[in-house]
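These protein sequence lines are chains A and B, in that order.
Positions 1 to 113 (our numbering) are the ones given, in order, by the first sequence.
Positions 114 to 225 (our numbering) are the ones given, in order, by the second sequence.
Hint data in this document are derived by calculation from the structure and do not stem from the laboratory.
Among these hints, one or two may not hold up.
[To be verified] Computed spacing ranges between beta-carbons, pair by pair:
id	chain 1	residue 1	chain 2	residue 2	range
1	A	Ser80	B	Gly129	26 to 34 Å
2	B	Lys182	A	Ser99	17 to 25 Å
3	B	Arg173	A	Asp38	24 to 32 Å
4	A	Gly16	B	Thr190	35 to 43 Å
5	A	Gly97	B	Ala194	33 to 41 Å
Treat the numbers as computed from the prediction; the structure is a model and nothing was measured.
Every residue, glycine too, gets a C-beta built ideally from N, C-alpha and C.
Listed below are the residues making up each chain.
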Amino acid sequence: NAGVTQTPKFQVLKTGQSMTLQCAQDMNHEYMSWYRQDPGMGLRLIHYSVGAGITDQGEVPNGYNVSRSTTEDFPLRLLSAAPSQTSVYFCASRSTGGSQPQHFGDGTRLSIL
Amino acid sequence: SQQGEEDPQALSIQEGENATMNCSYKTSINNLQWYRQNSGRGLVHLILIRSNEREKHSGRLRVTLDTSKKSSSLLITASRAADTASYFCATDANNAGNMLTFGGGTRLMVKP
Numbered sequence: 001n002a003g004v005t006q007t008p009k010f011q012v013l014k015t016g017q018s019m020t021l022q023c024a025q026d027m028n029h030e031y032m033s034w035y036r037q038d039p040g041m042g043l044r045l046i047h048y049s050v051g052a053g054i055t056d057q058g059e060v061p062n063g064y065n066v067s068r069s070t071t072e073d074f075p076l077r078l079l080s081a082a083p084s085q086t087s088v089y090f091c092a093s094r095s096t097g098g099s100q101p102q103h104f105g106d107g108t109r110l111s112i113l
Numbered sequence: 114s115q116q117g118e119e120d121p122q123a124l125s126i127q128e129g130e131n132a133t134m135n136c137s138y139k140t141s142i143n144n145l146q147w148y149r150q151n152s153g154r155g156l157v158h159l160i161l162i163r164s165n166e167r168e169k170h171s172g173r174l175r176v177t178l179d180t181s182k183k184s185s186s187l188l189i190t191a192s193r194a195a196d197t198a199s200y201f202c203a204t205d206a207n208n209a210g211n212m213l214t215f216g217g218g219t220r221l222m223v224k225p
């Protein structure tokens, strides 16, 4: 049972480059989300989705785009990478209904030079 | 802004001792969850306590919730070296999509 799979695990970009972080889950979860984690801090919500075709902004959405064409996949796009986007990015999913735990991927460690 | 604030930020104990971590939050919640993160890994769900519950147990974990004080605590009894990790509280405040808001975490080191 793979759970939540994130690729790549590591990436180095130059300022201004664009890239897509991939996230896939095999648990048929409706809810998916992207967080970033900076050193010594908790997770901050970037974007989330409550189902295919539905996305919304979280706490720190600027500089990122998302789409949700299928239940399984929720890619995160960096439009024009900036050094401030150097972080560890986590994708998570959970089932619908109240009081459900989130399942996290192992993260993508992204460095912007 | 972070909903939860954890205390202490770092904790170092000997194997066999108990570890207590505290979390405070700001708004009313549906539930509060605790997660564990090993170095270089994603977060793993430990335990969830609903707003109408006051205490919950799971193995060596004991969580309390005081909604009047907007605070929670996580107690790990008889700690082991393998418990070394960062621990985060997260609140579900019935916002859109029931997305979680995380605290800054407590880094626990258990010395063998």
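Hints, one by one, checked against the model:
1. Between Ser80(A) and Gly129(B), the C-beta spacing of about 52 Å breaks the proposed range 26 to 34 Å.
2. Range check, Lys182(B) to Ser99(A): about 21 Å between beta-carbon atoms, so the 17 to 25 Å window is met.
3. Taken as a hint, the range 24 to 32 Å holds for the pair Arg173(B) and Asp38(A), whose Cβ atoms sit roughly 30 Å apart.
4. Judged by the Cβ atoms, the range 35 to 43 Å given for Gly16(A) and Thr190(B) is violated: they are separated by roughly 51 Å.
5. Between Gly97(A) and Ala194(B), the C-beta spacing of about 37 Å keeps the proposed range 33 to 41 Å intact.
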